[in-house]
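Undergrad: Here is how the chains run, residue by residue.
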Amino acid sequence: MKWLQRHIRPEQVRELSLLLLIVAAVLIFGSMIDGYYTSRTFNRITSSVAIITVVAVGQTLVVLTRNIDLAVGSIVGCTAYFTGAQLAAHHGMPPVVAVLIAMALGCVMGAINGALVAYGRVPSIIVTLGSLAIFRGILIDYSGARTVTTDSLPKWLLELPRLNFVTIGDLDIRAMFALAVGIVLLFQIGTSFLNVARQFYAMGSNPDAAELIGMPARRIVFSAFVLSGTLSGLAGFMFLARFGSITVEAARGMELQVVAAVVVGGVNIFGGSGTVFGAMLGAIMIGTLEQSLFRLQISEFWRDAILGLLILLAVASDAVILNRLRAIWARTDLKLVARDSASPAEAKR
Amino acid sequence: MNIRARLLRWETLLLAMLVVIAGLNIAYSPFYLGVGNIVNLFQLSIEKIIVALIMTLIIICGEIDLSVASVMGLASCVTAWLFQMGWPMPWALVAALAVGGVAGLINGFWTAYVGLPSLAVTLAGLIGYRGVARILVEDRAIGGYPLWFNNLGQQPQFGPLTISIVIFLAMFAIMAVVLHRSALGRLVYVMGNNLQAARYSGVRVRRVKLLLFVASSMIAALAGLLYAARLGSVRGDMAQGFELDVITMVLLGGVSIFGGSGNLLGVGLSILVILNLRNGMGLADITGNTQTSVIGALLILSVLVPNMARMIHTRWKGRET
Amino acid sequence: MKKLLLATAAAAMLALIVPHGAKAQSAVTGGKAVDMVLLPKFLGILPFDQAHQGAEEAAKELANSKKLQYLGPTPENSVAGQIEIVTNAATQGVGAIMISNNSGDQIVPSAKAAKAKGIKVVTWDSPIPSAEGEDVFVAQVDFSETGKIMADMALSILGKDGGKFAILSASPDAANQNAWIDAMKNALKDPKYSKLELQGIVYGNDQSETSYNQALAMVDKFPGMKLIMAPTSVGIVSAAKAMQDEKLCDKIKISGLGVPSEMLAYTKNGCAPQFALWSFVDLGYLSYYTAYALATGAIKAEAGASFKAGRMGNYAITKDPTRKAGLRILMGPFSLYDINNVEAAAK
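Protein chains in written order, with this note's numbering: chain A, 1 to 349; chain B, 350 to 670; chain C, 671 to 1017.
Where hints are given, some of them may not hold.
[Stated by the list, open to error] Simulated pairs of lysine to any residue, SDA-like, Cα-Cα distance not exceeding 25 angstroms:
1) Lys155/A x Glu916/C
2) Lys737/C x Lys155/A
3) Lys782/C x Trp497/B
4) Lys736/C x Trp497/B
5) Lys989/C x Gly493/B
These are computed hints drawn from the structure, not numbers from a lab.
Bear in mind that the values here come from a model prediction, so they are computed numbers and not experimental data.
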């Protein structure tokens, strides 16, 4: 037990239980649905989760700093549309350039949000509620409400969703899912080991204290929004590749799915705790439910009701169980510290 | 004094905006000042502005209720569903209000008694209550209600006014008294300013919070029913996304998202600003998305401009001393 | 002298014919100033842009000095948005509103209010189900024919042995979609189609993401499904892309109503071997002529009235056989597209 407590943090216990929950859900669905364990089910879930996950990574960073980014759906829609329009006009554009365009545009939009929040001192919910509407409005005006259609896009883009990264036995790991996992790993490692990235946590758990001890509070918040925007831009590119025809309404309402994934994944809505990996698990949990429920014939309309319940349970279990776990950990830590400080004294004697 | 002066300035600013917008509308559209248009101006958003009143109290109290639009949808779907099952319309309406109350109890219980953040609880509600509404009516559109019910939303009952406008006006008066002239209202401010202090001073913080969430959901349910009466037909996606408009109205009214400050006069003015702006742009044939982005910009600027002014002011002062 | 005689004879003949022919062909004279609003279901999809183009063409021909207003809500706000636009148009006292109705009977109160102010309410593409508050509906095709054509396409794709299929529709409240689906169900009663089995209907709300996801969901929801019939231009493309991405095109085919340029690739690679559509440009054009003729008083909204709609020729208002109280103008015809003609049509 003590060994456990030394090597595992309460957050990891939570993530582990979410992982178990996902496994349990898969087992339950598997027993209820014929032909559930096929590569297609796996593909379905992973492809639908990939885009949400990338956006959720950025959202996690923002939420960690005690802010929220509701504009992500509009950013995904804008970048998907704009990149699609560029690709339709310039068929010879190299893929890398297209991805960079999407990310750059997302970055600029994130920077606008970040600047208003960090330097304009406007609460993030107000800024992003406003820019959610503004970005979408600009998109509709810019596009003249026309659609980017599949036939106008280059072939390599439309084939991207089918591209396999690696095939393990029967399971195809599609490139887009691999990309999402790669980003999660990158940011998980970054936020765990880089000092710069650890500041996101410090900011969120106590912004005043963080500022007092000389952390560049504004720059941290700003960069969280910039990263969120950039990742949303990347997600916009993935969105374009996946759905092909992009209307001006693309990805409207995605912010709710993303916030839901982040909350289910155990990121504290008041900042300071939670991980990128958890957010991915949250996205996978929701994706598994979404992609499996309708196969039970009756349940298409039950999805949202169940999802709402899941979010409530996730938050409640965080508040009740996680706090208790933390208390246990804290007590043991104290004991350990007490013993450690006691033992040298014993040795002297 | 300082705060008071600033608040006063805020409402003055809104009033000035309103005058400018109304002036522009009068100058550019000969139809703006018609009685019919003024009634329509309220009628087209009446459900949202009714909900905005109670949302004001919730936000001043330091909480938020994202589930209102879903509760609106749920209430109208409950009515439609029961009516289709053969219930008499009045009972179906009562049941819908009761369901609204239950939704509020759920929100309030988890927020006030378990202590979860209302942002997360009502986000769950936003998704979950909508889900229940969809379970009830699925993909159908349910109509064919008794004429008196449709007339309730579509026909003027009091002079040129519809019943929903009268409800709005009455509710505005009640909320104003509650918030600004009662012990309950003072408590709402205290809770928004410093919850800990309020709890320690022996105040029944939890009960008040529960009350607010129940009131919020029941009023949302009522608004949903008025919306159903106005449209004469109910679908699962009714009122979807309204929460953003409602919250925008409240925040533009100068209510702090962190609670503790703001007042109903400001919200009343911001409602007028938004409705007149929308109406004017509508009459100028500018459609929804542009309207929404202009209001979005207004929302950001309404907080940004005073912030900038204050920053410049302090820097200036700093240089002087 | 001879000429004069001929002319008199002709005039006399006309005078004879006119009373017998019940209603005369009304002339639609251009050059009058009428404020007109073209209201699509929502902004952002190709067919409505094409209808707008057709309406602009008619506006130019009729030399209407007032600019045509093309106003639409965004899809997520379609119902409330359409009501708001109709209400504002009524306040402004425009001459005519052309609505592609997406809100079922929810639009009725505001449409009635507009009509009460003397505004002509013409619906196109999708009518008001109860026909209340509506002057006339410009029907792109005969709605019962749509059902038969969809059944024919299903049969020709699936072959004589038939098979299971399902429908991917737009929104559950789209009057035209529902009428077509009902018509198809009716058509299926014909023994000719006895081998076709309809497994169910799902809705993609005319949004590409939703339609794409719904199409994938259908694969699992309806075991043995061999065909998705999507009578919506958004649904059919999304479904085709979904099947292609999942490499299912050899097992599940797509058909329905689609725009040739969007469908070209999928018809060529065999995912969507056959689909149909009418010209949305013509529909916009005819709707504009109809609304203009009504608003200028050239015709009245009653069965039997007829007029010449520019390049498209003569049209008459008749009772709508698909709705109890409605009037309609029938446009037609259908164009069927397959590998042989899709490339030419896509240009």
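Undergrad: Each hint should be assessed against the structure and marked as holding or not.
TA: Hint check results:
no.	hint	verdict
1	Lys155/A x Glu916/C	holds, 16 angstroms
2	Lys737/C x Lys155/A	violated, 40 angstroms
3	Lys782/C x Trp497/B	holds, 17 angstroms
4	Lys736/C x Trp497/B	violated, 40 angstroms
5	Lys989/C x Gly493/B	holds, 24 angstroms
The earlier numbered hints that this structure contradicts are 2, 4.
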